[in-house]
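Here the protein sequences line up with chains A and B, keeping their order. When we follow this note's numbering, the leftmost residue of the first sequence carries the number 1, and every step to the right adds one. When we follow this note's numbering, the leftmost residue of the second sequence carries the number 1, and every step to the right adds one.
Think of the hints as simulated: they come from the structure by calculation, not from any bench. Mixed in with the good hints there might be a few duds.
You can't tell identical chains apart in this list, so a pair holds if it fits in one copy or across any two.
What the hints assert, rightly or not - Straight-line C-alpha distance at most 25 Å; calculated DSS-like pairs for lysine-lysine:
no., residue 1, residue 2
1, K114, K97
2, K133, K61
3, K47, K114
4, K114, K27
5, K97, K15
6, K133, K109
7, K12, K133
8, K109, K12
9, K15, K133
10, K72, K133
11, K109, K27
Protein chains: 2
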Amino acid sequence: MQNRNISDIIEKYLKSILADSQQIEIKRSEIAEQFDVVPSQINYVIKTRFTIQNGYVVESKRGGGGYIRIAKVNLIDDTDVLDQLIDLIGESITSGKALQIIQSLYEDKLLTQKEANLVLATMDRTTLNFADKRLENVVRARILVSVLNRLRCAD
Amino acid sequence: MQNRNISDIIEKYLKSILADSQQIEIKRSEIAEQFDVVPSQINYVIKTRFTIQNGYVVESKRGGGGYIRIAKVNLIDDTDVLDQLIDLIGESITSGKALQIIQSLYEDKLLTQKEANLVLATMDRTTLNFADKRLENVVRARILVSVLNRLRCAD
DNA sequence: ATAATAATAGTCAATATTAGTCAAAGTTGG
DNA sequence: CCAACTTTGACTAATATTGACTATTATTAT
C-alpha cells in the first residue's frame, strides 16, 4: 500500500483535484517537475488513466501558455458516451481496458459493486482463458458490448 | 509435524498478517527472498491456499511498483448449492441450461433481476456467437462457473 | 506581414521492473 | 511403487520509466 509507482501517485493527485472541480487545467512541465519525472510521463499517466474508458475527456494546447485540460464526463446523463464506448470497444478489447470501463460504470453508479464484480468475472483473463489472445479479446468485446446495451434498459 | 514444507510456512506467515488486517499487499520478489524460494513459488502458494473457496480474493499488478494483493472476503452461508451447480455444469453448457441455472439463482435470491439479466446477456447465444457451438458451450461453462464462484462472496 | 525563435505538448521505441505460466524434476506418504 | 504435492527455473506478459525526436502555438525581430 505504501510504495506505489509514481504514475499511480500522479493519477491520485490529479483525481483528488478533480474530486472538487469538474475539470482541471495543468501545465505538463510543472506537474512533471513537481513529481520529478520526465514530462512525457504525464502523457503516459493520462493515456493510461484518463481516457474516455475511465470517464475523462482530455484536451490540450501546445506553445506558449500551453496546457492540458482534463474533464470528468458522466455516463448517466450522457447516452452518447455509452455509444462512444461501444464504438471505441469495436471488435476487440483487452482485459485491462475492460476493467477500466467497468470501473467507470461503477463510479457513475450504473452498476452496483456486486454487479460490477459479476460482470468482471465473466470477462476476466483467467475466465475466458483462450490460447489465442486475439480471439479472446474479440469475444470479450462482444460480452462487454452486450452488457453495455443491457444497461440501456430501465430495469 | 515440526518441519513442514516451505509452502505451508509461507501460507501461515501470510495468514498471520491477514489475521490483523482485512487485506495485504506483498511484493512477490520480497516474500520469495525472505523465505529463500523462487518467486513463482509464491504463485503456487496463492493458487493452492488462497482460493475463493477459502475466502480469499487475489489481485495483482505487474511492472514497476507491482504487487500482489490478498483480501479476505465474507463467504455466504450455504455454498453447497454453488458446489453442486459447478459440478453439474462441468466443462460445457448450452445456452438453455445456463438460462435455467440463472433463473434458479434468481428464485433462490442469490441474484437480483438486474444481476440475472446482466449475467444472461454475457453468455447469451447471440453474444458469444461462436461458429463452433461445441467450443461456445465450453466457454459459456467457464463464464458461468466464474459467476458462481463470485457468488460465494457475501458482498 | 513574414520569418525566426521560444515555449510548449505529443509520439514512439528502448529499457527496466515487476508478476504469471507451465512443465520438468524432486519429495513424501501410503 | 504410485499418486499427490512441492520445488524450480526458463520463458512469457504486463506495466512503468526514460529520453530523443517531432509537432504545434505564441512571441519577437525584421
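Tested hints:
1. K114 / K97: Answer is both; intra-copy 19 Å and inter-copy 23 Å each pass.
2. K133 / K61: between (34 Å within a copy, 19 Å between copies)
3. K47 / K114: between (28 Å within a copy, 23 Å between copies)
4. K114 / K27: neither (38 Å within a copy, 28 Å between copies)
5. K97 / K15: within (19 Å within a copy, 32 Å between copies)
6. K133 / K109: Close neither inside one copy (30 Å) nor across copies (35 Å); limit 25 Å.
7. K12 / K133: neither (31 Å within a copy, 36 Å between copies)
8. K109 / K12: within (20 Å within a copy, 38 Å between copies)
9. K15 / K133: neither (32 Å within a copy, 34 Å between copies)
10. K72 / K133: Cα proximity of K72 and K133: none, with 32 Å in one copy and 30 Å across.
11. K109 / K27: Answer is neither; intra-copy 31 Å and inter-copy 32 Å both fail.
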